[in-house]
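Residues per chain are reported as follows:
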Amino acid sequence: MRVNVDYAKCSGVALCEAEAPDLFEVQDDGTMKQLVERLGEDRREAAEAAAASCPYQAIKIVEA
Amino acid sequence: MTHRARANRLVIVGASLAGLRAAETARKYGFQDEIVLVGAEEHLPYDRPPLSKAFLDPGDAAVPWLRTERHLTEQLGLVLKLGVPASALDPQSQTVTVGEEAIHYSAMVIATGAAARALPGAAGVRGVHTLRTLDDARAVRSALDAGARTVVIGAGFIGSEIASGARMRGLDVTIVEALDVPLSRSVGPEVGYTLAALHKREDTELRCGAVVTGITEAGGQVRSVMLDDGTELPADLVIAGIGVTPSTGWLAKSGAALHQRDGGLLCDETLWTGLPGVYAAGDVAHWPNALFDGELMRLEHWATAVEQGAAAARNAIGPRGAALSTVPYFWSVWYGQRIQFVGVPQADEVSVVSEPGSERLLALYRRGARLVGCLTVDRPGQIMKYRRMISERASWDHALRFARSARLP
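For the record, the sequence lines run as chains A and B.
Anchor point for the first sequence: position 52 equals 1024 in our numbering, and the numbering is continuous, going up by one each time.
Anchor point for the second sequence: position 277 equals 321 in our numbering, and the numbering is continuous, going up by one each time.
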């Protein structure tokens, strides 16, 4: 499982970081950094919560 | 995560962000019976924050729909009742009146939000608006397209965003604010003063301590705004950003407890309204936030609508209610600069940690020995770290140490 971030949509609101600080970290220039490349099943719920929390719908979970 | 649902029809009143999240959460937690989503506006649920931000930019403006109709009806299996507001709630028969129809509910989430306060004495005058709904935003946008001289009444966040949007188009903009320092209630006077400087830098005229006494019109179109010191501000577009009133008029005879001051719905820590099976979420709801000693809060924030919509639905369909406690969070964008706030602004002390010559800002709010709030300007990498500290009840000293050690790059 991987997380795809649409950086054109991401606006640095950082709600993903609030949901899953081990997966996402917004930088001070407003860009978002993914802290983990591939996720295990145990992080699925956190990743889904982060995706649902994004006001810009910039986060998608892809199975791969 | 699935538990047996006891209700057989969930009615969600308010086709808003909170209402949508309530519906999605009910499905996620295994609610398989009918869900009816009632909305006063004809529109499908849409997102409000962009309406006073990107939606006002020149060029094409995409309507920020939250979901497609197909997604709502087929994937979520919702029955949509849009275009007619709920007009009454009868807790005895467990029915809600929508137009001519009485809809029975076993569980309900009220997410009717709030209505923008209109400028007194300006009803029906063209060019005078509030900005709350999609229709409002379309009207404001087309006035900006026509190059309107713009007067914004109220230097709060919505008013400031609109002023920023108009100014970035090169239009003449004046903000009229009754308080001496803008935003002092929402961020404190010191930070309010600092934020006000962003307007001045962009040549947006900000008149504080000014009271609007009326407007003038010609042929039904606004011409100017009159102030108490005799000033007349020419205007083609006037937008009032002077607060909202919770939409609870339809509950007047329901027996629901309403807040004395603003008429919002009084809920317990689980968002229960006190009426059997009826919970509330979003701008309409007051609830005691355990993270701040049970302080009664009504928040008009996007993130709160999401959290409360989900919590209210889970509690409405679940066997027993779980308390919601959260650190409030909102963001705003002025002239391309990102303002973010977490926590609560009523504080014993505000400490501004900034660097000379930079407009980036970090302000911390203290109550007793505890960090309770943080505001940043263009420091989006910091804000959630402080939100976490507040939720962990971090000490003021700890927060100050962290702020001073996190040097700006």
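Some hints here could point you the wrong way.
Here are a few chain B residues that face chain A, going by a calculated C-beta distance under 8 Å [stated by the list, open to error]: (1) R71; (2) P93; (3) H345; (4) A347.
In short, the hints are calculated from the structure, not lab data.
Bear in mind that the values here come from a model prediction, so they are computed numbers and not experimental data.
No residue lacks a Cβ here, since even glycine has one placed at the ideal position from N, Cα and C.
Here is how each hint holds up against the structure:
no.: 1; hint: R71; in the structure: 13 Å, violated
no.: 2; hint: P93; in the structure: 6 Å, holds
no.: 3; hint: H345; in the structure: 11 Å, violated
no.: 4; hint: A347; in the structure: 6 Å, holds
Checked against the numbered hints above, the structure breaks hints 1, 3 and satisfies the rest.
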